[in-house]
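If you read the protein sequences in the order shown, they are chains C and D.
The opening residue of the first sequence carries number -19 in our numbering; numbering runs sequentially from there.
The opening residue of the second sequence carries number 35 in our numbering; numbering runs sequentially from there.
By construction, these hints were calculated from the structure, which means they are not laboratory data.
Note that this is a predicted model, so its numbers are computed, not measured.
Mixed in with the good hints, there may be bad ones.
Computed from the model, here is a short list of chain D residues facing chain C with C-beta under 10 Å [what the hints assert, rightly or not]: (1) Thr185; (2) Leu244; (3) Ala263; (4) Ala275; (5) Glu281; (6) Arg283.
Short derived list, chain C residues pointing at chain D, Cβ under 10 Å [as the list claims (entries may be wrong)]: (7) Ala(-15); (8) Gly2; (9) Glu5; (10) Leu6; (11) Gly9; (12) Ala17; (13) Ala24; (14) Phe80; (15) Ser142; (16) Asn144; (17) Glu150; (18) Asp161; (19) Glu165.
Glycine included, each C-beta is placed from N, C-alpha and C at the ideal position.
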Amino acid sequence: MKLSASLALLALALFVVSLLVGPAELGLGNSITGLFAGGGEAAAIIMREIRLPRALLGLAIGISLGLSGAVLQGFLRNPLAEPGVIGVSSMAALGAVVVFYSGLAGSSLYALPAGALIGALIAVLILLAIAARQGSTLTLILAGVALSSLAAALTSLVLNLSPNPFAAYEIIFWLLGSLKDRSMEHVALALPLMACGWLLIALSTRAIDALSLGEEAASSLGIHMGRARFLIVAGVALSVGAATAVAGTIGFIGLVVPHLIRPLTSRLPSSLLLPAGLGGAALLLAADIAARIVLPAGELNVGVLTALIGAPFFLWLVVRARREML
Amino acid sequence: MLRSRRSLPRLSGLAFLAGALLVAPVSAAPKRVMSLNLCTDQLAMTLAGPDQLVSVSFLSREPSLSMLHEEAQAYPVNRGLAEEVFLEKPDLVVTGTYALHNTTALLKRLDFHVEEFSFAQTLETIPGEIRRMGALLGQEEKAERIAGDFTGELEAIAARQCDRRPTMIAYDQNGIAPGSSTLADSVMRAAGFANLAADLGVVGMAPFPLEQVIAARPDVISISRKQDAPTLGEHVPRHPAIAALPETRIGAFVPEGSLSCGAPGVMEAVRALAALRAEIAPCPQDATQ
């Protein structure tokens, strides 16, 4: 509990810093009055319509990715499982891209989560089917690599095929993710779906703990496997799908955070969930603040920073996992 | 070739020059001209005589980019490929320096007559470009008339401006804005506006942070029309923060495609913005009109 409280404090502090960082240098006083006072003042508009949705999305998407990473690692009993690595995020991006750029729903933003949830759901179901047949850590990761490469290629293809020449420029957003210029519309679109996902994952805690003893042992403990599987599949698809729909593919948060935090918990998979969510929020908020500071005018894609932290970490985990296997 | 010409004795060089001058009127009006670039398309379609233009680029039929998209329906289109030029064997190829470098180099090596137009342009350079294209096509008179009308109308519009210069930003896909030394900047200035992006030091087309648009509160935000095929980038100029600016006029004020090329069609953008300026910040000159 102490761990969760300190991580919550860290995330909250970074949330506040995120509100204070931006190309319009507002100053502390202006920022605070802008956030709470009404009216058409520039400071008020910037705080409420630009920075607040950005910080809220950083917080909520970070929770979604951290939580999904932790629950997938526990459920699949695979230390390398993570929505980005195993292709859930890329498939969600592909789903969003197919539905949005085809123009089926006009240019309405509602097309984004609709497509992303379907993409994420398909990915989780494919991976579960593979994991059910072949329990090996490596098979799942390799399947995930194949799935994410395929999804990334198809995403680029769909964007290049769009009759609008500007669509092709958006490949970088979908592959590397960004929280730039989001609005409250995006928050309203994604936050309720993510919250439903968190709830479903929270309901699966008992099953995940039992599963750490193996599926048979879990069944003998009275865990309904079908129900547990549904909760986790739907929970991950909802939270990762909604997150990707509004921010593109942001990788490695679900990988790095659970590993950093696990040694500090009781090692019961369920005790990891809340701290991993809060830690994910802190990491994404920090990365998003850095993305704005490193390149103030152009702004870096936040996925570049998370990959810079995450990819070497992933490599280290792979090497370590190999050594343990030998 | 150039080097061998330079090494000729001076006398024969003079003789060559004289010969070239004598031959010039005969070869001056190419019969078959091909245009490979959206912007040379605009100039060529405006100036070419009947049946003089073999084909124009496919982009010139795109309504969002080309002012003359209806006229372009009457011409065959090309995709700017060297093979297409080779098959058509035109007397003259006109293209831009902006893209297709490889095609241009290849065509020159194959001894085609290629003329390149640079499009780092402003309103001031357009009459010169019109005259240059006119000379290339052997349509000097027509070019002179169109260039003269263009300059005349610009001067008339300039005479109607005063010191009241409302601020404007052209806020486009993904928050890109034209700063100084762009065609859009010269159009905004000619129409009596101050270009916010240029005033804040942006040069060329560059990303302009949404927060700074809000902080600067321009009088007008000019955005482009929505296309049939959606993009996320077009949501940026339509961000709720921009809509929340209470006194700012936001809209697609410039006719579609009018700012994509330095060609006579750009005058439509100047007229539209000048009318907008007269409406939101009238000058004394406007009252007497």
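Hints, one by one, checked against the model:
1. Here the hint on Thr185/D is broken, as its CB sits about 33 Å from the closest CB of chain C, past 10 Å.
2. Interface restraint check for Leu244/D: the shortest CB-CB distance to chain C comes to about 5 Å, inside 10 Å, so the restraint holds.
3. Hint on Ala263/D holds. Least Cβ distance to chain C is approximately 4 Å, under the 10 Å limit.
4. For Ala275/D, the suggested interface contact is upheld, since its CB lies about 4 Å from the closest CB of chain C, less than 10 Å.
5. Hint on Glu281/D holds. Least Cβ distance to chain C is approximately 8 Å, under the 10 Å limit.
6. Below 10 Å, beta-carbon pairs count as interface contacts, and Arg283/D has none with chain C, the closest being about 15 Å; its hint is therefore violated.
7. Of the supplied interface hints, the one on Ala(-15)/C is violated, with its beta-carbon coming no nearer than about 33 Å to a beta-carbon of chain D, more than 10 Å.
8. About 5 Å separates the beta-carbon of Gly2/C from the nearest beta-carbon of chain D, less than 10 Å, and the hint is met.
9. Interface restraint check: Glu5/C against chain D, minimum CB-CB distance 9 Å, threshold 10 Å, status holds.
10. Annotation: interface hint on Leu6/C holds; nearest CB of chain D at approximately 8 Å, less than 10 Å.
11. Among the interface hints, the one on Gly9/C is violated; its C-beta lies about 15 Å from the nearest C-beta in chain D, farther than the 10 Å criterion.
12. Checking Ala17/C against chain D: minimum C-beta separation of about 14 Å lies over 10 Å; hint violated.
13. A distance limit of 10 Å between C-beta atoms decides the matter here; for Ala24/C the minimum to chain D is near 9 Å, and the interface restraint holds.
14. Interface restraint check: Phe80/C against chain D, minimum CB-CB distance 6 Å, threshold 10 Å, status holds.
15. Of the supplied interface hints, the one on Ser142/C holds, with its beta-carbon coming within about 5 Å of a beta-carbon of chain D, less than 10 Å.
16. Hint status for Asn144/C: holds, given a least beta-carbon distance of 4 Å to chain D, under 10 Å.
17. Annotation: interface hint on Glu150/C holds; nearest CB of chain D at approximately 6 Å, less than 10 Å.
18. For Asp161/C, the interface hint holds, the least distance from its beta-carbon to any beta-carbon of chain D being 5 Å, beneath 10 Å.
19. The closest approach between the C-beta of Glu165/C and any C-beta of chain D is roughly 7 Å, which is under the 10 Å cut-off, so the hint is satisfied.
The structure fails hints 1, 6, 7, 11, 12 (numbered hints given earlier, in ascending order).
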